[in-house]
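So the protein sequences, as listed, match chains A and B.
Numbers 1 to 141, taken from my numbering, label the letters of the first sequence in order.
Numbers 1001 to 1186, taken from my numbering, label the letters of the second sequence in order.
Fair warning: there could be bad hints in the mix.
[Said to hold, decoys possible] A short, non-exhaustive set of chain A residues, derived as facing chain B with CB atoms under 8 angstroms:
| # | residue |
| --- | --- |
| 1 | Leu-62 |
| 2 | Ala-64 |
| 3 | Ser-74 |
| 4 | Tyr-99 |
[What the hints assert, rightly or not] To be clear about the criterion: a stretch of chain A counts as covered by chain B if any three or more of its residues have a C-beta under 8 angstroms from a C-beta of chain B, and this derived list gives those stretches:
| # | stretch |
| --- | --- |
| 5 | 76–87 |
| 6 | 105–117 |
[Said to hold, decoys possible] With a cut-off of at most 27 angstroms between alpha-carbon atoms, the simulated BS3-like pairs for lysine-lysine come out as follows:
| # | chain 1 | residue 1 | chain 2 | residue 2 |
| --- | --- | --- | --- | --- |
| 7 | A | Lys-96 | B | Lys-1171 |
| 8 | B | Lys-1174 | A | Lys-25 |
| 9 | B | Lys-1077 | B | Lys-1089 |
| 10 | A | Lys-25 | A | Lys-108 |
| 11 | B | Lys-1085 | A | Lys-108 |
| 12 | B | Lys-1047 | B | Lys-1089 |
| 13 | A | Lys-96 | B | Lys-1047 |
| 14 | A | Lys-96 | A | Lys-12 |
| 15 | A | Lys-96 | B | Lys-1067 |
| 16 | A | Lys-20 | A | Lys-96 |
| 17 | A | Lys-108 | B | Lys-1067 |
| 18 | B | Lys-1150 | A | Lys-12 |
| 19 | B | Lys-1174 | A | Lys-20 |
| 20 | B | Lys-1089 | A | Lys-96 |
| 21 | B | Lys-1174 | A | Lys-12 |
| 22 | A | Lys-108 | B | Lys-1150 |
| 23 | A | Lys-108 | B | Lys-1047 |
| 24 | A | Lys-12 | A | Lys-108 |
| 25 | A | Lys-12 | B | Lys-1067 |
| 26 | A | Lys-12 | B | Lys-1077 |
| 27 | B | Lys-1171 | B | Lys-1150 |
In case anyone wonders, no lab produced these hints; they're calculated from the structure.
Heads up, the beta-carbon is just placed ideally off N, CA and C, and yes, glycines get one too.
Single-letter residue listing:
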Amino acid sequence: MAAIYSLYIINKSGGLIFYKDYGSKGRMDTNDSLRVASLWHSMHAISQQLSPTTGCSGIELLEADTFDLHCFQSLTGTKFFVVCEPGTQHMEALLKVVYELYTDYVLKNPFYEMEMPIRCELFDINLTQAVQKDRVALLGR
Amino acid sequence: MPPAAPRSGDAIFASVERVNAELFTLTYGAIVRQLLTDLEEVEEVNKQLDQMGYNIGIRLIDEFLAKSNVSRCVDFKETAEMIAKVGFKMFLGVTASVMNWDADGTCCSIVLEDNPLVDFVELPDTCQGLYYCNILSGVIRGALEMVAMKTEVTWIRDMLRGDDAYELQVKLLKQVPEEYPYKDDE
């Protein structure tokens, strides 16, 4: 069963607001995760300009030898991306689920400041449940 | 996996948890009364309600986008239809319609068929300048700002002030897409 290595959420200015790693691979310390986030934010923006087709909204999937990176950008500019084992299925559905959890447990928390790092326990708990392997398999049905 | 189709306002409204309408009306009424007591001036209360609505709107927009699965609107006309048909239905359970488009398609009216905020409400003579539902104008303004549109939302008709319907005017001031600063080496 293919595995998720890590999940990132970046705000519309490219700042990392949430990072969680799940596996034994791809663990990052704080500085590296911040760097990956800004890098991805810039690459995503540049890809929209470089795209040979019109109406491109940015990179959705990056496939490399040792990992895949799936990215979802909401219409409000917040990006959710997951780094996983090559060939992992149903990551787009997972990102949609994470977006819904974000709109519930983060945005509806009146004490959460917009664009700031996410420190919401309910979000963490529900996210862990969603990422558990058997749940991810269920999304494919 | 094919992208999910956009859901109708009715479908979403039916699927979310509901709360007692009277509790909602009473809560909103309590907020307005408290603001009137604290701020005393009707104009200040109007501004605060708009600001509160703005703070709700900036958060509500992602909820709207997540639940309704809509893709980017092609033009402002589509945006207005989305607000009226899906947005108002989904969050307040009311049907709204869009009318009175101007020549460039940047200004329209949204007319609400009914309004749960104002059940049982009558404005006294001392509050004649009050836009009781001003929170709604803030919500729309805040929500649209998060999707790159700067708008001005005002009340044209308000039944609490003696008109025959609730009509909001939504005017698109400008589109503000995310611009990345590029340094030209000149």
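Inset, instruction - Below or equal to 27 angstroms on CA atoms is what counts here, so check Lys-12 (chain A) against Lys-1067 (chain B). - result: holds, 20 angstroms
Inset, instruction - Assess, step by step, whether the Cα of Lys-1089 (chain B) is no farther than 27 angstroms from the Cα of Lys-96 (chain A), and give holds or violated. - result: holds, 22 angstroms
Inset, instruction - Measure nothing beyond the straight line between the CA atoms of Lys-1150 (chain B) and Lys-12 (chain A); if it is 27 angstroms or shorter, mark the hint as holding. - result: holds, 17 angstroms
Inset, instruction - Closer than 8 angstroms, Cβ to Cβ, for at least three residues: run that test on the stretch 76–87 of chain A against chain B and report holds or violated. - result: holds (count 3)
Legend entry - 27 angstroms limit on alpha-carbon distance, applied to hinted pair Lys-96 (chain A) and Lys-1047 (chain B): Answer violated: Lys-96 (chain A) to Lys-1047 (chain B) is near 36 angstroms, above 27 angstroms.
Inset, instruction - Please work out if Lys-108 (chain A) and Lys-1067 (chain B) have their alpha carbons no farther apart than 27 angstroms. - result: Roughly 14 angstroms separates the two Cα atoms, so the pair holds.
Inset, instruction - For the pair we were handed, Lys-1077 (chain B) and Lys-1089 (chain B), check the Cα-Cα distance against 27 angstroms. - result: holds, 18 angstroms
Inset, instruction - Would you check the hint for Lys-108 (chain A) and Lys-1047 (chain B), treating anything up to 27 angstroms between C-alpha atoms as holding? - result: holds, 23 angstroms
Legend entry - Lys-96 (chain A) paired with Lys-12 (chain A) [C-alpha distance capped at 27 angstroms]: holds, 17 angstroms
Inset, instruction - For the pair supplied as a hint, Lys-1174 (chain B) and Lys-20 (chain A), confirm whether the alpha-carbon distance does not exceed 27 angstroms. - result: violated, 38 angstroms
Legend entry - Given pair status - Lys-25 (chain A), Lys-1174 (chain B), alpha carbons within 27 angstroms: violated, 46 angstroms
Inset, instruction - Sort out whether Lys-108 (chain A) lies within 27 angstroms of Lys-12 (chain A), counting only the CA atoms. - result: holds, 18 angstroms
In this structure, the earlier hints numbered 1, 2, 7, 8, 10, 13, 19 are contradicted, and the remaining ones agree with it.
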